[in-house]
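So the sequence lines, in the order shown, correspond to chains F and U.
Residues in the first sequence are numbered from 1 upward in steps of one, following the working numbering.
Residues in the second sequence are numbered from 1 upward in steps of one, following the working numbering.
Please note that a few of the clues may not be correct.
Claimed, not checked - No more than 25 Å apart at the CA atoms, straight line, and that leaves these computed lysine-lysine pairs for PhoX-like:
| # | chain 1 | residue 1 | chain 2 | residue 2 |
| --- | --- | --- | --- | --- |
| 1 | U | K191 | F | K146 |
| 2 | F | K149 | U | K191 |
| 3 | F | K149 | F | K122 |
| 4 | F | K106 | U | K23 |
| 5 | U | K191 | U | K231 |
| 6 | F | K129 | U | K166 |
| 7 | F | K103 | U | K23 |
| 8 | F | K146 | U | K138 |
| 9 | U | K232 | F | K31 |
| 10 | U | K224 | F | K31 |
| 11 | F | K146 | U | K23 |
| 12 | U | K23 | F | K149 |
| 13 | F | K146 | U | K177 |
| 14 | U | K125 | U | K138 |
Treat the hints as calculated values from the structure; they're not laboratory data.
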Amino acid sequence: MSQSEAGVVLAADRHHAHHFNTANEEFDACKQGMWIFLVTEVLFFSGLFVAYAVLRVFNPEMMHEAHHLLNWKMGALNTVILITSSLTMALAVSSTQRGNIDKAVKLLWVTLICAGGFLIVKYFEYAHKFHEGILPGAQWHYEELKIAKAPLFFSVYFVMTGIHGLHVIIGMAIIYWLIRRAKRGEFGPAYFTPVEITGLYWHFVDLVWIFLFPLLYLVS
Amino acid sequence: MSNNNHENETHAHHILSDSMAYKIFGILICLTVITVGVAQIDLGAWNFAVAMLVASVKASLVCLFFMGLKYDYKENSIIFSTSLIFMTVFMVLTFSDLLTRGDVYVKGPIVPESASGPAKSKFKKAWIATPELVAHGKEQFQAQCVACHGAEGQGNGPAAAGLNPKPRNFTSADNWKNGRKPSQIFGTLTKGLNAMPSFASLPSDDRWSLVAFIRTLGPHEGEKDSDADLKKVGIDPASEDGGGGGEKSIPVGVAIDQMSEEK
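Same shape as in the complex, but just chain F (with noise of 0.2 Å):
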């Protein structure tokens, strides 16, 4: 295995599954079913964001009065605890590929914990929207605005932000796993296939919210 600054190259002799040619060959399909499956999550977030699109559209004025319950300094402090996360991850991968392990355990728990902030930030919303009545569709019971079509503004937030939330959780659960397998020692410079996939999958997670944040919180 050759290892440098510039690249790594992955071993000839690493053990890959029977029907690849070589470990790199392994690693080239893996990472590109990986890209495969983000573009099924793109088109599963694309109903929620054009539903979005055409509440807003038909409804601008509601949008306008609903989008000021949610606390926008709540959302931007998420943005950049997601953000950071992010770039812990891709710290997480350089240093993996370098074969410095122990940053990149280091790394990968800064990022989980980032993550359960995230979560944190987001449970107290949740729980104030829920004590205030702020519910989605039927549920509602917030008094104080009283505009046509709000509690469905609420449903879209509720719907979206869940299923990005139920994104970070299995996050969670897959970052943890990466942290027991290279505090094993499977990871290194030859291996680091599901570090760089797992990797995808968080930026991607945080993709999605760099366009929940302003589209729910700031537009008005």
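With the hints as your guide, set chain U onto chain F.
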């Protein structure tokens, strides 16, 4: 499959340098600050454009550097781009349908009178129910109301499923937010209520006929208007055509334009 163009002993996986990672992180944080800052200033429609532009730049940076598309095989970029193409198709087809539905769903009489003055009343003292008025109201009800309020007026039409609060059940005396007097129902029709739009674009005769018909659906006989009630909705009870005060019918096209301008 041995002739895979990926298989290349000299191909090296790119490792993102720490300095580059921190640089990208710094830019992403700056862009977040910019988005939040711009949102505090009112730029009208530009707020949305700027927010989406900044979000797209951030997303591109994450894709290119953190996700490594810049250094990766082009085909992974192409694969990912297809998702954005299909998302665009989804958006365009949805809106090309929704934004052209107005022509299909706006029924009712289109009254070309805003230039030539109010239309001649078809009914004298339309705020007083007559069998003819009720019959006309029934026709109007079929055209305008059944989708939400249901054929029987029980508030259970096909479009009611997605509505909260539910459309009014006309067969019951309960929960009428604005009251059940003719003038009050007329006011609700004219101004709209919750999810129900204003029907001010209908000639007032048609609105009064709807009032008359709706009041036959339930135990509403006892709720009567005083002259003062009628005056509140701009009707002069002494005049045969209501003094024209309540008559503000405008063509549907004008009404739609007005609604879209009321941002």
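How the hints compare with the structure:
no.	hint	result
1	U:K191 with F:K146	holds, 15 Å
2	F:K149 with U:K191	holds, 16 Å
3	F:K149 with F:K122	holds, 23 Å
4	F:K106 with U:K23	holds, 21 Å
5	U:K191 with U:K231	holds, 16 Å
6	F:K129 with U:K166	holds, 23 Å
7	F:K103 with U:K23	holds, 20 Å
8	F:K146 with U:K138	violated, 31 Å
9	U:K232 with F:K31	violated, 71 Å
10	U:K224 with F:K31	violated, 74 Å
11	F:K146 with U:K23	violated, 46 Å
12	U:K23 with F:K149	violated, 43 Å
13	F:K146 with U:K177	holds, 13 Å
14	U:K125 with U:K138	holds, 18 Å
Hint compliance for this structure: hints 8, 9, 10, 11, 12 are broken, all remaining hints hold.
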